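Novice: Go ahead and model the full structure; you've got the sequences and the hints to work with.
Here the protein sequences line up with chains A and B, keeping their order. Taking our numbering, the leading residue of the first sequence gets -14, the next gets one more, and so forth. Taking our numbering, the leading residue of the second sequence gets -14, the next gets one more, and so forth.
Mixed in with the good hints, there may be bad ones.
Repeated chains share a single entry, so a pair holds when one copy, or any two copies, can fit it.
What the hints assert, rightly or not - Taking lysine-lysine pairs in the DSSO-like style, the calculated list, with each CA pair at most 30 angstroms apart, reads:
{"id": "1", "residue 1": "Lys189", "residue 2": "Lys89"}
{"id": "2", "residue 1": "Lys292", "residue 2": "Lys356"}
{"id": "3", "residue 1": "Lys320", "residue 2": "Lys61"}
{"id": "4", "residue 1": "Lys189", "residue 2": "Lys254"}
{"id": "5", "residue 1": "Lys75", "residue 2": "Lys328"}
{"id": "6", "residue 1": "Lys355", "residue 2": "Lys83"}
{"id": "7", "residue 1": "Lys255", "residue 2": "Lys284"}
{"id": "8", "residue 1": "Lys320", "residue 2": "Lys285"}
{"id": "9", "residue 1": "Lys292", "residue 2": "Lys75"}
{"id": "10", "residue 1": "Lys328", "residue 2": "Lys89"}
{"id": "11", "residue 1": "Lys328", "residue 2": "Lys78"}
{"id": "12", "residue 1": "Lys320", "residue 2": "Lys75"}
{"id": "13", "residue 1": "Lys267", "residue 2": "Lys189"}
{"id": "14", "residue 1": "Lys320", "residue 2": "Lys83"}
{"id": "15", "residue 1": "Lys328", "residue 2": "Lys61"}
The hints are simulated quantities; they were obtained by calculation from the structure and are not laboratory data. Please read these numbers as outputs of a predicted model, since none were measured by experiment.
Number of protein chains: 2
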Amino acid sequence: MAKSTTCVCLANTFLFLSLVLFLLLLHLWTLSSFYSPIPIIHSPFTKAKSEPQLEPDGVVGSPNCAAHELCDPPEKSFYDNPGLSYSIEKPMKNWDEKRSDWLKQHPSFAAGARDRILVVTGSQPLPCENPIGDHLLLRLFKNKVDYCRIHGYDIFYNNAYLHPKMDSYWAKFPVVRAAMLAHPEVEWIWWIDSDAVFTDMEFKVPLHRYNNIDHNLVVYGWPNLVYEDKGNKSSTSLNAGVFMIRNCQWSMDLVNDWAEMGPNSPNYKKWGQIQLSTFKDKTYPQSDDQSALIYLLFKKKDKWGNKTYVENEYYFQGYWVEIVKTYDNISEGYKEVEIWEPKLRRRHAEKLSEYYAKLREPYLEDAGYKKRWRPFVTHFTGCQQCNGNHNPMYVGDTCWIEMQKALNFADNQVLRNYGFVRPDLMNSSFVSPLPFDYPA
Amino acid sequence: MAKSTTCVCLANTFLFLSLVLFLLLLHLWTLSSFYSPIPIIHSPFTKAKSEPQLEPDGVVGSPNCAAHELCDPPEKSFYDNPGLSYSIEKPMKNWDEKRSDWLKQHPSFAAGARDRILVVTGSQPLPCENPIGDHLLLRLFKNKVDYCRIHGYDIFYNNAYLHPKMDSYWAKFPVVRAAMLAHPEVEWIWWIDSDAVFTDMEFKVPLHRYNNIDHNLVVYGWPNLVYEDKGNKSSTSLNAGVFMIRNCQWSMDLVNDWAEMGPNSPNYKKWGQIQLSTFKDKTYPQSDDQSALIYLLFKKKDKWGNKTYVENEYYFQGYWVEIVKTYDNISEGYKEVEIWEPKLRRRHAEKLSEYYAKLREPYLEDAGYKKRWRPFVTHFTGCQQCNGNHNPMYVGDTCWIEMQKALNFADNQVLRNYGFVRPDLMNSSFVSPLPFDYPA
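Specialist: If you want it as C-alpha cells, here you go:
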C-alpha cells in the first residue's frame, strides 16, 4: 500500500513539474514573439553585375517589402499596366482596387493612409502680366508651404498646362488627375487656388466629418442654393476654387464628367450656353468649372450630390471682403485669451503647433471664437493677381493691399515660432522681436 | 498513516493547483500589458473650465508625453527661460545641453533625429526690381519644395529681414539662428541661396561623410585654396551660398563670429578692409560673408577649420556656367542606361523616388556617371535674378535663359512621376505625355 502511494505521489510530482515547465515555456515564448524582427527574404531577382550595394542607410532592392522598408516589390501594380494613362483624356477604371492593391504591396504607407493629404496648387507657366503678380504668387505659395509644414502635409505646385486646351480655372483638373496617380498613398487631394490664403495656421480640416458618412468631395457653399430654387440658380452657390477630393474611383468619374464641360470637350460651347441659361448671375458665355460643378450636383444628386459635402460650418474657404475686416478683432481676441492663460503664451517648437492648437480651442470657444468664425482660408476671388484684371468693384489697389494684409496676418502666426512679428500688417518689410511671455 | 498520506496528497494537489493558477495569471498579465494603453494622468495643471475635450483624433494636453504622442510636457525646457532670445545679437550658451534635454522630453522626435534636415532659403521682402525676378524666384522655390517633398525634408522660406541691418547675403544668418531654435528636432540646417537649383532630384547628401568624423559645417570649395597660399588667397576658395550647418553650440558660436563681420557689427568697415587686403580677387570694399568664412577657417583652423568639411567630391553646389552644358549629355546617358535596364523604366509613386535612386546608382557608376559629375546643385552665382544686376560677363539674357533651362531640366525629373515632360528645355509652356516604358 505504501509503495503504490509513493508511486502516485511521484507521478503527481512529475505531472506537476511538467505542467509548470510547460507554462513557463509558454510564458517565455509569448514574451519573445513580441521582440523578434520579421525576417527579410532575398530572391535572385537582382542581377549580380548590378547588385545595389548596401549603403550606410541600408536601403536595398528587396523583392519583399517589409512593413518599415521603402521599396517597390517586383509584383505588378497598376503602374505596370501599359494601358495606364496620366492624361485626363483617358478615363480611369477600377481605381479603388488598383489603389488598394498598391497599398497592400507597400505596407510602409498603410499606417496613416486614411488621413493622408496632398495639397495641390499652381499658376500659369509664364510670367504674370501684372507687375506685382509673381511677387504675390511667391508669397501665396510660401503661405501654403508654411501651412503644410506645420501640419505635415505634402504640397505640389503645378506650373504647366498638362492639357494644352485646359488653362485658367480648368488647368487644375489634369493636375488633380495626375496627382492621384502619382500619389496612391494619399487619401485626399486638396486643391487650393493660388489666390487663397491660409489665415488660420492652427486650424485643421475636420476630416472625421467626411469619413463617417463617406463623402468624397468637400466644397464650401450653401446646400439650399445648390439643390433648391430650380428656377433661380446662382453660379456662386458654392466655390470650386478650394476643394478636397478623395483619391478614389468616384472622384475619377467626377473629374471626368466635370472636365467634359471644359475647353477640351467637343461640347464646350454647348455647356457654356446651358450654364448661361441655368444660372441667372453668370455673366460670360464660356463654360466655367464652378457652374459646371453646381450643375452636376443638382442634376445628378444621387450620383454626385449625395457624396459631396457642401460645407459652411467653418471657412473652408471664405470670401476675402468679409474676412479681412475680422483680422484685427481676432488678433485682439487671441491676445486676451493668451493674457488670461499662461499655457498658451508658452514658446515652443514649430513642430508642436498642432498640440497648442488643441490646447487653445476650448479657450477660443469659451471666448466666443467658434470654429465657424475662424478665418481659416481667405480667398481673394475676383482679384486675378496674375493678369491683374480684377473685378472692377474692387477699386484701385484694394486687392493687392488686402492680400498683403492677409499674408502678413498669416505669416505673423508662422514667424512667432521663429521669435518675430510684423507689428504693422501693412508693412511687409519691418519685423520686430517678440518678447518672452508675449502678450502678458 | 493512511489519513496523513491523504493529507499530504491533498496538500500537494492544492500547492500544485495554486502554482498553476499563478503561472496562468502571470501569462495573462504579460499578454495584456502589451495591449493596454498607457494611462493618461491628468494633473490639476489644467483648469476644469477649460479642460480640452477629447477630439476624434485623441490628442489631449497630457503632462507625460508618451513615445508616440505629440505633446509638450509641463517640465521646463529652454523655451521657458526668459533669457532665451531668437535674435542673432544675443549669443546662445549651452545649446547642446538644451537641445538634448528637449529631445529627451519629446521622445516622439528622437527617432531619426540624427539625420533630420531643415532646408532654409529665401529672398527680399519687397518685389524684385528685375521684371522677371519674382517669376524666377517662384520657380526656384517650387524647385526646392519638389526636392524636399521627394526626400521628406521640411523647408522654410524666409522673406523678412530679421535684423534690419542684415540684408543681402547677410540676411541668412539671423534666419539660420532663429530656425535652429524653432526646430530643435532637426540635426542639420541646410541653407541654400534662392539662385541655386536642385538639378539632380534623386541625389542625396551623403550625411555619413560628416557624421563619422563629426564635422559641423559643410561647404563646397577647395581646401588647398582655403588653407594654403597665404599670400594669394582667393575669395572664391569656397562658396558660402549653400551650406549645411549642424544644430549645435559650435554652430551657434560660428554664426556669432561670422555675423561679427557683418553690417550689424561695429567692426563692419574694418573687416571690409581686412578682406580687401587678404583676398586679391575681392573687388568691393564691403565685408562679405564668403570672404568672412574663408578668413575664419584659415585664421582659426583649430576652432573652425577642423570641424568644417570643404567638400568637392560632388557638386554640393556647382558653378552654373560649367554645369548647364552637361545637361544634354546627362539626359542622353540616363536614357541609355534606362534602355538597357527595364527596372529603371518602371513607373512608380513619387514617394518611391529614393528607392529608384538607389537602384539606379550602380548603373550610373558603371556607365561612367560618377557621383562627382552628377549635377546635384546648379548655382547661378553672379546672376542676381531679383535686382537684375548680373555680372556683366554674362551677356544679355544669358542668366535667365540658362536658369530657365536648369529649372526645366530639374522639373522634368519631377513631372515624370506625374506622367509628363517638357520636350524642349527652352520652352517652359509646352509639356507632352510620357509614353509607357519610356525610353524603350
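Novice: When no copy is named, should Lys189 and Lys89 be tagged within, between, both, or neither for a Cα gap of at most 30 angstroms?
Specialist: both (28 angstroms within a copy, 28 angstroms between copies)
Novice: Are the CA atoms of Lys328 and Lys89 at most 30 angstroms apart within a copy, between copies, both, or neither?
Specialist: Between copies, since 21 angstroms is at most 30 angstroms while 43 angstroms is not.
Novice: Evaluate Lys320 and Lys83 at a C-alpha cut-off of 30 angstroms and name the case that applies: within, between, both or neither.
Specialist: between (50 angstroms within a copy, 29 angstroms between copies)
Novice: Can you tell me if Lys320 and Lys285 fall within 30 angstroms by alpha carbon in one copy, between copies, both or neither?
Specialist: neither (47 angstroms within a copy, 47 angstroms between copies)
Novice: Reference check for the pair Lys292 and Lys75, CA-CA at most 30 angstroms: within, between, both, or neither?
Specialist: Within one copy only: 23 angstroms inside, 56 angstroms across.
Novice: Is it within, between, both or neither when you check Lys75 against Lys328 at 30 angstroms Cα-Cα?
Specialist: Intra 54 angstroms, inter 25 angstroms, cutoff 30 angstroms: inter-copy only.
Novice: Reference check for the pair Lys292 and Lys356, CA-CA at most 30 angstroms: within, between, both, or neither?
Specialist: within (23 angstroms within a copy, 51 angstroms between copies)
Novice: Between Lys355 and Lys83, at a C-alpha cutoff of 30 angstroms, which is it: within one copy, between copies, both, or neither?
Specialist: Neither, since 41 angstroms and 37 angstroms both go past 30 angstroms.
Novice: At most 30 angstroms between C-alpha atoms: does Lys320 with Lys61 qualify within a copy, between copies, both, or neither?
Specialist: So Lys320 and Lys61 pass the 30 angstroms test across copies only (23 angstroms; inside, 56 angstroms).
Novice: If the cut is 30 angstroms between Cα atoms, do Lys267 and Lys189 qualify within a copy, between copies, both or neither?
Specialist: neither (33 angstroms within a copy, 51 angstroms between copies)
Novice: As a check of your reading, is Lys320 near Lys75 (CA-CA no more than 30 angstroms) within one copy, between copies, both or neither?
Specialist: Answer is between: at 27 angstroms across copies they meet the 30 angstroms cutoff, but 53 angstroms inside does not.
Novice: Reference check for the pair Lys255 and Lys284, CA-CA at most 30 angstroms: within, between, both, or neither?
Specialist: within (16 angstroms within a copy, 76 angstroms between copies)
In this structure, the hints that do not hold are numbers 4, 6, 8 and 13, in rising order.
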